[in-house]
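**Q** We have chain A; now place chains B and C onto it with these hints.
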Amino acid sequence: MSGESFPPQAGGGDGQTPITAADVAAQVGGRLVGDPTVVVRGIAPLDRAGPHDLSFLAHLRYASWFATSRAGVVLVAPAFEAQAGTPTTRIVVDKPTDAMVGLLARFHRAEPRAAGIHPTAVIAPTARLGADVTIDAFVVIGDDVVIGDRSWISAGAKIGAGSVLGADVRLHVNAVVYPFSELGDRVVLHAGAQVGREGFGFVPRPTGVVRIPHVGRCVLEHDVEIGANSCVDRGSVDDTVIGAGTKIDSLVQIGHNVRIGRFCFFASQAGIAGSTRIEDGAQIGGQVGVSGHLTIGAKATVAAQAGVFGDIPSGEIWSGYPARPHKEQLRSQAAVSRLAKLIRPLERLLMREASEPANGDGR
Amino acid sequence: MSGESFPPQAGGGDGQTPITAADVAAQVGGRLVGDPTVVVRGIAPLDRAGPHDLSFLAHLRYASWFATSRAGVVLVAPAFEAQAGTPTTRIVVDKPTDAMVGLLARFHRAEPRAAGIHPTAVIAPTARLGADVTIDAFVVIGDDVVIGDRSWISAGAKIGAGSVLGADVRLHVNAVVYPFSELGDRVVLHAGAQVGREGFGFVPRPTGVVRIPHVGRCVLEHDVEIGANSCVDRGSVDDTVIGAGTKIDSLVQIGHNVRIGRFCFFASQAGIAGSTRIEDGAQIGGQVGVSGHLTIGAKATVAAQAGVFGDIPSGEIWSGYPARPHKEQLRSQAAVSRLAKLIRPLERLLMREASEPANGDGR
Amino acid sequence: MSGESFPPQAGGGDGQTPITAADVAAQVGGRLVGDPTVVVRGIAPLDRAGPHDLSFLAHLRYASWFATSRAGVVLVAPAFEAQAGTPTTRIVVDKPTDAMVGLLARFHRAEPRAAGIHPTAVIAPTARLGADVTIDAFVVIGDDVVIGDRSWISAGAKIGAGSVLGADVRLHVNAVVYPFSELGDRVVLHAGAQVGREGFGFVPRPTGVVRIPHVGRCVLEHDVEIGANSCVDRGSVDDTVIGAGTKIDSLVQIGHNVRIGRFCFFASQAGIAGSTRIEDGAQIGGQVGVSGHLTIGAKATVAAQAGVFGDIPSGEIWSGYPARPHKEQLRSQAAVSRLAKLIRPLERLLMREASEPANGDGR
Chain A
1 MSGESFPPQA
11 GGGDGQTPIT
21 AADVAAQVGG
31 RLVGDPTVVV
41 RGIAPLDRAG
51 PHDLSFLAHL
61 RYASWFATSR
71 AGVVLVAPAF
81 EAQAGTPTTR
91 IVVDKPTDAM
101 VGLLARFHRA
111 EPRAAGIHPT
121 AVIAPTARLG
131 ADVTIDAFVV
141 IGDDVVIGDR
151 SWISAGAKIG
161 AGSVLGADVR
171 LHVNAVVYPF
181 SELGDRVVLH
191 AGAQVGREGF
201 GFVPRPTGVV
211 RIPHVGRCVL
221 EHDVEIGANS
231 CVDRGSVDDT
241 VIGAGTKIDS
251 LVQIGHNVRI
261 GRFCFFASQA
271 GIAGSTRIED
281 GAQIGGQVGV
291 SGHLTIGAKA
301 TVAAQAGVFG
311 DIPSGEIWSG
321 YPARPHKEQL
331 RSQAAVSRLA
341 KLIRPLERLL
351 MREASEPANG
361 DGR
Chain B
1 MSGESFPPQA
11 GGGDGQTPIT
21 AADVAAQVGG
31 RLVGDPTVVV
41 RGIAPLDRAG
51 PHDLSFLAHL
61 RYASWFATSR
71 AGVVLVAPAF
81 EAQAGTPTTR
91 IVVDKPTDAM
101 VGLLARFHRA
111 EPRAAGIHPT
121 AVIAPTARLG
131 ADVTIDAFVV
141 IGDDVVIGDR
151 SWISAGAKIG
161 AGSVLGADVR
171 LHVNAVVYPF
181 SELGDRVVLH
191 AGAQVGREGF
201 GFVPRPTGVV
211 RIPHVGRCVL
221 EHDVEIGANS
231 CVDRGSVDDT
241 VIGAGTKIDS
251 LVQIGHNVRI
261 GRFCFFASQA
271 GIAGSTRIED
281 GAQIGGQVGV
291 SGHLTIGAKA
301 TVAAQAGVFG
311 DIPSGEIWSG
321 YPARPHKEQL
331 RSQAAVSRLA
341 KLIRPLERLL
351 MREASEPANG
361 DGR
Chain C
1 MSGESFPPQA
11 GGGDGQTPIT
21 AADVAAQVGG
31 RLVGDPTVVV
41 RGIAPLDRAG
51 PHDLSFLAHL
61 RYASWFATSR
71 AGVVLVAPAF
81 EAQAGTPTTR
91 IVVDKPTDAM
101 VGLLARFHRA
111 EPRAAGIHPT
121 AVIAPTARLG
131 ADVTIDAFVV
141 IGDDVVIGDR
151 SWISAGAKIG
161 AGSVLGADVR
171 LHVNAVVYPF
181 SELGDRVVLH
191 AGAQVGREGF
201 GFVPRPTGVV
211 RIPHVGRCVL
221 EHDVEIGANS
231 CVDRGSVDDT
241 VIGAGTKIDS
251 LVQIGHNVRI
261 GRFCFFASQA
271 GIAGSTRIED
281 GAQIGGQVGV
291 SGHLTIGAKA
301 TVAAQAGVFG
311 DIPSGEIWSG
321 YPARPHKEQL
331 RSQAAVSRLA
341 KLIRPLERLL
351 MREASEPANG
361 DGR
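Chains as they are written, first to last, in my numbering: chain A, 1 to 363; chain B, 1 to 363; chain C, 1 to 363.
Don't read these hints as lab results, they were simulated from the structure.
Note that the coordinates shown come from a computational prediction; the quantities given were computed from them, not determined experimentally.
Among the clues, some could well be false.
Where chains are identical, the list cannot tell them apart; a pair therefore holds if satisfied intra-copy or between any two copies.
[To be verified] 30 Å max Cα-Cα, derived DSBU-like pairs, lysine-lysine: (1) K341 <-> K95; (2) K341 <-> K299; (3) K327 <-> K341; (4) K299 <-> K327.
Okay, chain A solo, but in the shape it has when bound (with noise of 0.2 Å):
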């Protein structure tokens, strides 16, 4: 078990696309100090990057790894344009973070993409491809299934009967559409998402329970992204809808007839209850429960791990458990923090009172 050789190069970034500082510099519009023909075919932070990394310097917090840095060149805010440090190639710019995510693109390796359909993939004489669509190999696509043009349906993934897709989907590997789904155009699904399933509903019957037939529908609306492994269940008597713009992380769960409105966001490992509506621009944390038929207000924020038992009106910031509004949890947690050195004269001083009945009259 050695490790010591693993990975080969520090540097991260794909590597491929070689830069000049005087290119850097342009591109976001900065001052170049230090030499021009310097070239970075990556990016890194200060602490990691190599002589071929372009990385940045924002906050003082950042100055010892500077001092030492091995970075070719260094995007750096105004004020450490004379900073103490080994980077010599700098480029001063006023906000370093944000043209830094500028750049990403540059250095940015796409997938590559093969046109067509892969001779392996399984589609029923009844679907209906767009124009200029990927279909990769080893993909299953059912009866009546329409996809739009430019989409592309990763390995792998299958898509069920009835279901239609927009126009520039992407299906990650191994992604899952159930049959009968609906999906707008440019939604993403990550690798292993599954949508549409038929819900946790059942009913008591005499032998035993039974699973109440869904028939309401999965719509996933424009731009929606859904994370790896994610689980959203098609509606038993509604349909269960994701707003336009909403982006939803890894292994959230979304139950049936839920609706969510347009440009909220979903950390990872949320779960949302069936029948619940979120309302536009909210805003769930990581591993936030949600219980059913609730409402969460527009642009409302959720935070980490929040247990959600009640509505949360628009705009508001809720968490903990039970979920209350925010500076509320704040204020019961410190008491309670404050409470562990006082419960002992607490109990002593209830006692004494107690014990002493004449007390509150004698005085």
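**A** Positioned in the frame of chain A, the structure of chains B and C alone reads:
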């Protein structure tokens, strides 16, 4: 990013099966008010229903939706027979919600099922398949696997060597049965479910940790259902067993050697650590975590997000972190929320008491 | 719904390898009492073992099971050599549990492994495969992928373009390696695990949010194990790195830019948000959530379900929500549970104090 024109139709339901109001009334044993020839093709809640949708009004809370609903036919409780509202074709039944559930099967469009074995499937020569089995594209079935009559193995599912599946089993797409697992009749694995993996057991060795070989089985008894992307480990020195009729939702983790009784329910994202026993009829809420080597008694209920670190007696309702009887939990929560405004006066009082040592004696 | 006749046999273990009691005694260095010719074929706990099962008695707690156990051979601690019980063939060893673990490999039935490349696999011509590699059915391997000697890629697994895998790697069925990932030697991905996805990073733009291109890598060092359906994102501007020997259970989420040290353990359903660092030997409990940009020190332990919102120093044990040192947490929990019956008297006392303003001064 438009979104406005998607999804194309507002109504829920699969929209395939036209049924007249008279038909509906006959099936549910209800009394028809209005036009018996109105045809419905789907089901939708009052606020989203269109002229070809069936809807229902069971509670006064939804009366405002009923007032303007476009639903073609509405199942109404007797109290709402004359309720003000646009829908004029009404079917009066005692329990509109139950009636609706009973009708779902008529509106449910079943996933088409091919007969026989898809030519792309890879099936070991030693595998034995029952009568009328469906094996879809890209399925892999290992050595000595046995599959009972009428089972349906969907595309991309994998069944490891030596596994035994009963009759009428349904593996949805990309479901995984690890080698040497045993599934009873009518077991359902949803898409991406993984059962029979060697669990998370390691022992320290001079060269690092090594995995404990798992010789226990993973046994899913009759009528067990495992949700999408859920995971059930096989046993290490014992079996992992899930009792007949137990239903498990999405993204649930069941550790090695866990024994679950009959007719239990597990909501999504619950996790059960190794060697815990959960007795018949227990109900486990969403995101609940149960530590290892515990016992959850028969018909016990564990509320959502509870963290269980001790045994729970039969029939009790527990909640919270750490989990305890729900009533105690509620009392504690109430006390804590009242504490916040008492903590300052309490601290002042105790400080005063502490600074007046004579007080206790001198009265 | 019968269930009674399933599963067909009560004993655990794979049941394939007959071993005599004398053999068992020799292997564990124990002293045999009873019939050396008794043959066992599997392993089971005392309460479920049959005449051909080996079992063990290490603790008085299980003496009642031992009293009536049907086990053919039982490993017993010295104190139990003469314990009352039906099993007459006993092997006396100092540590029966350790002895049992040492025997597991003899009862373990390995999954059969085919040699070479299955004809259905789709492998890019530019991929380079080491010696003695197994590639099972429906595997897809992208451009420029490198796979080390003796690695085994199970059915339905996908390896994206540019990824590099070491020697003796095991991808279980339907595991996914996104493009440009790096896996060391002996790395194991369980079924449905997804590594190397572009993480959850978006920036606002006038037309909506857009995804940040991720140029950091996803690096799993030697001997890393990733559980079923777990997800590890690639880095955005840094790499995501999981250190050598670290073991991760099922349904865990590791965000972008996270750096995990060597020999850490992550129980199932834990989630680590972006850019957090977890140092060597840390242990993360089930369903733990850790916020982004934090540091969990070396050999720290985070108890199950904890919600971590701040750094944790090395070697400490933290728990609860919000997480803090476990001893403080326990004191708080104890105080809270004692508070419930104090809150009414306390409120009365404070009210009385408040209504007697002279009290504080007049004494």
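**Q** Each hint needs a verdict: does it hold in this structure or not?
**A** Tested hints:
| no. | hint | verdict |
| --- | --- | --- |
| 1 | K341 <-> K95 | neither (47 Å within a copy, 44 Å between copies) |
| 2 | K341 <-> K299 | between (39 Å within a copy, 29 Å between copies) |
| 3 | K327 <-> K341 | both (23 Å within a copy, 13 Å between copies) |
| 4 | K299 <-> K327 | within (17 Å within a copy, 33 Å between copies) |
Of the hints listed earlier, the one the structure fails to meet is number 1.
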